[in-house]
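Enquirer: So you can see what is in the structure, the chains are spelled out below.
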Amino acid sequence: MNLIFKDKKISGILSVIPENEVKFDDEIENYNFAKKKSLKLKKLMGYDRHRIAKEGTCVSDLCIYGLDYLFDKGLLNKEEIDALILITQTPDYFIPPTSNIIQGKLGLKQDIMCVDINQGCAGYLIGLMQAFDLLEHESIRKVVLINSDILSKKISNKDRNMYPLIGDAAAITIVERNKVKSNIYANLKMDGSRSNALIIPAGGLKTPSTIETAQLEMDEDGNYRSKDNLKMDGQEVFNFVLVDVPPLIDSLLGFAGTTKDSVDYFMFHQPNKFMLKKLADKMKVSYEKMPNNIVENFGNSSGATIPVNITFNLGTKLLEKSYTTCLAGFGAGLTCSSMLLTIGGLDFCEIIEF
Amino acid sequence: MKKIINILEEIRPDIDFKRSTDFIDNGILDSLDIVALVSDLEEVYSILIDGTDIIPENFNSLEAIKKLVVGYGEAI
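Those protein sequence lines, which keep their order, are chains A and B.
In case it helps, our numbering puts the first sequence at residues 1 to 354.
In case it helps, our numbering puts the second sequence at residues 1001 to 1076.
It is possible that part of the hints are untrue.
Subject to a maximum C-alpha distance of 30 Å in a straight line, what follows is the list of computed DSSO-like cross-link-like pairs (lysine-lysine) [stated by the list, open to error]:
1) K43(A) / K1003(B)
2) K321(A) / K43(A)
3) K1018(B) / K40(A)
4) K40(A) / K1003(B)
5) K6(A) / K1003(B)
6) K1002(B) / K40(A)
7) K142(A) / K1067(B)
8) K277(A) / K1002(B)
9) K142(A) / K1066(B)
10) K1003(B) / K36(A)
11) K40(A) / K105(A)
12) K284(A) / K1018(B)
13) K1067(B) / K42(A)
14) K153(A) / K6(A)
15) K1002(B) / K37(A)
16) K43(A) / K1002(B)
The following residues of chain B were derived to be distant from chain A, with all beta-carbon distances above 12 Å [claimed, not checked]:
17) D1016
18) S1039
19) L1062
If you are wondering where the hints come from, they were derived from the structure by calculation, not from laboratory data.
Beta carbons are placed, not taken as given, at the ideal position from N, Cα and C, and that holds for glycine.
Next comes chain A alone, as it looks inside the complex (with noise of 0.2 Å):
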């Protein structure tokens, strides 16, 4: 499906992170691994330190402490907030939404739109499409969308293949019209019969979360977790990025009359450094222009690691110029997409710590 937004932009990224910050080293002894394998796969994969947030924070701590920063350095005035939409898959509870929370805590105007999507690592580019709608309506002039996630509760520490990656954050992007005429390009493909592939089996309403669901057991690569714990299918997932990714960057290219040569940044999700280092490679794209950084620097943090990534990678460059960049996201549902737009000219781009 290919769309075009007419005339939006993002005019601020603010990445929060929790400042507990836990190193690999540390944790080798958590897994069923040998040490020496271990440590080749810290420098394939990108393991190194992640930001795990502290027994109790919530996602909407993390968005809480993150907007009253920005209402704190005038950067954002509550008053001007006509929507809000939270994309996370780790609610504070299922009923009420977490936005409506965020709302109430902060005493935001209650002539607002407050919206949860339950979305992952596709999330950034799903919230910024709502944005970009919500925007055609005369009385909504700004938009904030939030990325969060504190999928770090919900692995098992002994997942070898899962937990060194996983870090925790929230990233709040303003969206607003633009007035100089702009095309924003997008596309997204939606397989949801490959969902298993990436799934918490336990604790919906389709298998209620119980004692037994808890018990950890171990599966065929030496994992531990429970029913209770997401579990990815590696291999699925891989193949679905190394498949499906490139053709729908090619596609959104060729959709917006344009080629790789020209975008200067592909700023794409991170899932980790052997995964993105191959479709850099696929794309023929080189590792600057497709940052491979975040997992080692803070975890990969879901639908909040395109901003945390643009946040940390290209920081304060993007107050002063702008660039043409591509982000992708793709993971949970199995969902991927993609976008093309200018980002530049902020009004902020930093990261702060909870």
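Please arrange chain B on chain A, whose structure you already have, making use of the hints.
Expert: Just chain B now, kept in the frame of chain A:
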């Protein structure tokens, strides 16, 4: 083939790869072993293995791995 066996024995020193079969199907190599194996094959043979070739069938036996490497123009 000796180089391939050496690489495999580095990854799993506890396995006799000359006598083993169905490395993936029998759980001898897991997904992260494949990551390490791909990296070592690339380094030893100076090849770049396409991500779409990183599938279980290409790593399930010594013959399959040899065929993969030869497919990238390298002599074993």
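Enquirer: Evaluate each hint against the coordinates.
Expert: Tested hints:
no., hint, verdict
1, K43(A) / K1003(B), "holds, 22 Å"
2, K321(A) / K43(A), "violated, 33 Å"
3, K1018(B) / K40(A), "holds, 24 Å"
4, K40(A) / K1003(B), "holds, 19 Å"
5, K6(A) / K1003(B), "violated, 56 Å"
6, K1002(B) / K40(A), "holds, 22 Å"
7, K142(A) / K1067(B), "violated, 57 Å"
8, K277(A) / K1002(B), "holds, 28 Å"
9, K142(A) / K1066(B), "violated, 58 Å"
10, K1003(B) / K36(A), "holds, 20 Å"
11, K40(A) / K105(A), "violated, 46 Å"
12, K284(A) / K1018(B), "violated, 37 Å"
13, K1067(B) / K42(A), "holds, 28 Å"
14, K153(A) / K6(A), "violated, 39 Å"
15, K1002(B) / K37(A), "holds, 21 Å"
16, K43(A) / K1002(B), "holds, 26 Å"
17, D1016, "holds, 17 Å"
18, S1039, "violated, 5 Å"
19, L1062, "holds, 20 Å"
Consistency with the previously given hints fails for numbers 2, 5, 7, 9, 11, 12, 14, 18, ordered from lowest to highest.
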